[in-house]
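K.L.:
Below, each chain spelled out in residue letters.
2 protein chains.
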Amino acid sequence: MLKSTMNQNKVQTLKGFRDFLPEAMAVRNYVKNLLIDTFETFGFEPIETPTLEYSSVLMGKYGDEADKLVYSFTDNGDRQIGMRYDLTVPTAKVLAMYSQTIPMPFKRYQIQPVWRAENTQKGRYREVLQCDIDTFGTNSPIADAEILAVINTVLQKLNFKTFTILINSRIVLNNILKACKITEDKNSILQSLDKFSKIGQDGVTKELIGKNIPKAKITVLFKYIKQAQPDEYLQNVINQLKILGVSKNNYQFDPTIVRGLDYYTGPIFETVVTKPK
Amino acid sequence: MLKSTMNQNKVQTLKGFRDFLPEAMAVRNYVKNLLIDTFETFGFEPIETPTLEYSSVLMGKYGDEADKLVYSFTDNGDRQIGMRYDLTVPTAKVLAMYSQTIPMPFKRYQIQPVWRAENTQKGRYREVLQCDIDTFGTNSPIADAEILAVINTVLQKLNFKTFTILINSRIVLNNILKACKITEDKNSILQSLDKFSKIGQDGVTKELIGKNIPKAKITVLFKYIKQAQPDEYLQNVINQLKILGVSKNNYQFDPTIVRGLDYYTGPIFETVVTKPK
Chain Y
0 MLKSTMNQNK VQTLKGFRDF LPEAMAVRNY VKNLLIDTFE TFGFEPIETP
50 TLEYSSVLMG KYGDEADKLV YSFTDNGDRQ IGMRYDLTVP TAKVLAMYSQ
100 TIPMPFKRYQ IQPVWRAENT QKGRYREVLQ CDIDTFGTNS PIADAEILAV
150 INTVLQKLNF KTFTILINSR IVLNNILKAC KITEDKNSIL QSLDKFSKIG
200 QDGVTKELIG KNIPKAKITV LFKYIKQAQP DEYLQNVINQ LKILGVSKNN
250 YQFDPTIVRG LDYYTGPIFE TVVTKPK
Chain H
0 MLKSTMNQNK VQTLKGFRDF LPEAMAVRNY VKNLLIDTFE TFGFEPIETP
50 TLEYSSVLMG KYGDEADKLV YSFTDNGDRQ IGMRYDLTVP TAKVLAMYSQ
100 TIPMPFKRYQ IQPVWRAENT QKGRYREVLQ CDIDTFGTNS PIADAEILAV
150 INTVLQKLNF KTFTILINSR IVLNNILKAC KITEDKNSIL QSLDKFSKIG
200 QDGVTKELIG KNIPKAKITV LFKYIKQAQP DEYLQNVINQ LKILGVSKNN
250 YQFDPTIVRG LDYYTGPIFE TVVTKPK
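Listed in order, the protein sequences are those of chains Y and H.
Just so you know, numbering that gives the first Met the number 0 puts 144 at position 145 of the first sequence, and the rest follows in order with no gaps.
Just so you know, numbering that gives the first Met the number 0 puts 198 at position 199 of the second sequence, and the rest follows in order with no gaps.
These aren't lab readings, by the way, just hints derived from the structure by calculation.
Treat the hints with care, since some could be wrong.
[Said to hold, decoys possible] With the Cβ distance kept under 7 Å, some of the chain H side facing chain Y (calculated, not the full set):
(1) 10
(2) 13
(3) 19
(4) 39
(5) 41
(6) 47
(7) 49
(8) 50
(9) 72
(10) 75
(11) 92
(12) 116
(13) 140
(14) 142
(15) 175
(16) 176
All residues carry an ideal CB built from backbone N, CA and C; glycine is no exception.
Bound-form chain Y, shown alone:
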């Protein structure tokens, strides 16, 4: 009955969303279980947070551009609510709410879908399964190194032959901007710099000129970027990697890594798989 009603209405799945049939699910579940196993081996514990949150919880944390991509609406009780945009902000909410009962340091993993009201384009979806691990309540570089060791372990278990974990720090970037005496909109400059791996130095330069940054300043910016070194904290993280058995072939300091969200303040990572392509 249901099925025939459906047929008549020419049903379709929303653009940017996907149905997963058993064949696709087999792959997804294999990867998901491998992630869970690895996370738990490293001592991370699961949490889950609601799909819907008060808009006030979600908004103002991701930056203006990203805020626009939150699916938000008014519910039957006239509450302004939104769908989970990432897993970090809801976890920050949990930490704020249950700070008295959660033992620190708190190593949590979270595997849940997130939603982004983006224009769809190749390989970008509006609903994606996000997998987060974080350690809260410690300032130790060991905690950051451990995250990198997890990434390294997962990629090896998944049989990726060649990959590089690119490592940088927002502090390194802020110091560079300061050294260059850049007083213009720093976020906007970082957003352009973030495209370095896609459009290269020429592309970034062109974009910055478009943003009215004087050419001389841009030249200085790239000079500083090329000379950049990890700050003391990040160097400690990198030193720990050796102790954790992460091969030097699998990571690299890269001062052009920025990452989009406003809430990044310390170390930032991005992994590039080169084989298989």
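Assemble chain H onto chain Y, guided by the hints.
P.N.:
Positioned in the frame of chain Y, the structure of chain H alone reads:
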């Protein structure tokens, strides 16, 4: 940084939604994995469907009352969309869309959250994890019996000491209403009857009188209900249970079972756990 911003805003989780910390997650994951193991042992395969669907896919399948409880809104592209209210209608969509490629019979399980914009009350949440199994593309009573065998196995594995799977059929109910020559709104009468286990025969009688059903008809209705027997198909399902090794102590024909959604047309089940309470 994030955490302190959160603290200042006096953050809270939406009413009817829950955060699950590691202790609660351990229980949830234990049960979830036990369900998955059992489903797969019985030959059911996983699928997943999107959180958001066109409203036209969701609406008009659950009945007027339930339709009002769908979280729905207009997205950035002016599409009328809604959040998954159950797992059956999205699966019917999948069957309609991929009918050429899905081999029949199709035994699928689906474990995903669903959302219902209900008024919150004790033990009712607006976001719940739903676990469905269904067999599509067969008329065999064995398929229905298998579902009951899965329920039986799961409850035993979860160490529930005493439980009863109550079995009925919408066909049995429709035949009773026909035999009673009831011409009034059948759905409304069934909705009242569905409360039998909560408010008893007196309570249901009172409600039906309130709905202007003549007292004589109500008396006849309960006479027929007390004499009701499984129809031929349902009797075949029950016969299969023995073959599948389900103990007679664990199920029972109950002609007062209705279940709320409009799309039920054949056998319906509901399980009551009596020990532990």
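K.L.:
The structure should be examined with respect to each hint, and the outcome stated for every one.
P.N.:
Status of each hint after checking the structure:
The beta carbon of residue 10 of chain H comes within 5 Å of a beta carbon in chain Y, closer than 7 Å, and the hint placing it at the interface holds. Checking residue 13 of chain H against chain Y by beta carbon gives a least distance of about 6 Å; that is within 7 Å, so the hint holds. Interface restraint check for residue 19 of chain H: the shortest CB-CB distance to chain Y comes to about 4 Å, inside 7 Å, so the restraint holds. Taking 7 Å as the C-beta contact cut-off toward chain Y, the hint placing residue 39 of chain H at the interface is violated, the least distance being around 10 Å.
For residue 41 of chain H, the interface hint is violated, the least distance from its beta-carbon to any beta-carbon of chain Y being 14 Å, above 7 Å. Residue-level restraint check for residue 47 of chain H holds (minimum Cβ-Cβ distance to chain Y is 4 Å; threshold 7 Å). Checking residue 49 of chain H against chain Y by beta carbon gives a least distance of about 4 Å; that is within 7 Å, so the hint holds. Interface hint status for residue 50 of chain H: upheld, as the beta-carbon distance to the closest one in chain Y is roughly 6 Å, under 7 Å.
At about 4 Å, the closest approach between the beta carbon of residue 72 of chain H and any beta carbon in chain Y falls short of 7 Å, and the interface hint on this residue holds. With its C-beta approaching chain Y no nearer than about 5 Å, residue 75 of chain H sits inside the 7 Å limit, and its interface hint holds. The beta carbon of residue 92 of chain H is positioned within 7 Å of a beta carbon in chain Y (closest approach about 5 Å), and the interface hint is therefore held. A hinted interface residue such as residue 116 of chain H counts as satisfied when its beta carbon comes closer than 7 Å to some beta carbon of chain Y; here the least separation is about 5 Å, so the hint holds.
Annotation: interface hint on residue 140 of chain H violated; nearest CB of chain Y at approximately 18 Å, more than 7 Å. Using the Cβ-Cβ criterion of 7 Å, the hint placing residue 142 of chain H at the interface with chain Y is not satisfied: the shortest such distance is roughly 15 Å. Interface hint at residue 175 of chain H: violated, since its Cβ lies 20 Å from the closest Cβ of chain Y, which is beyond the 7 Å cut-off. The closest approach between the C-beta of residue 176 of chain H and any C-beta of chain Y is roughly 18 Å, which is over the 7 Å cut-off, so the hint fails.
Taken one by one, the earlier hints fail for this structure at numbers 4, 5, 13, 14, 15 and 16, listed in ascending order.
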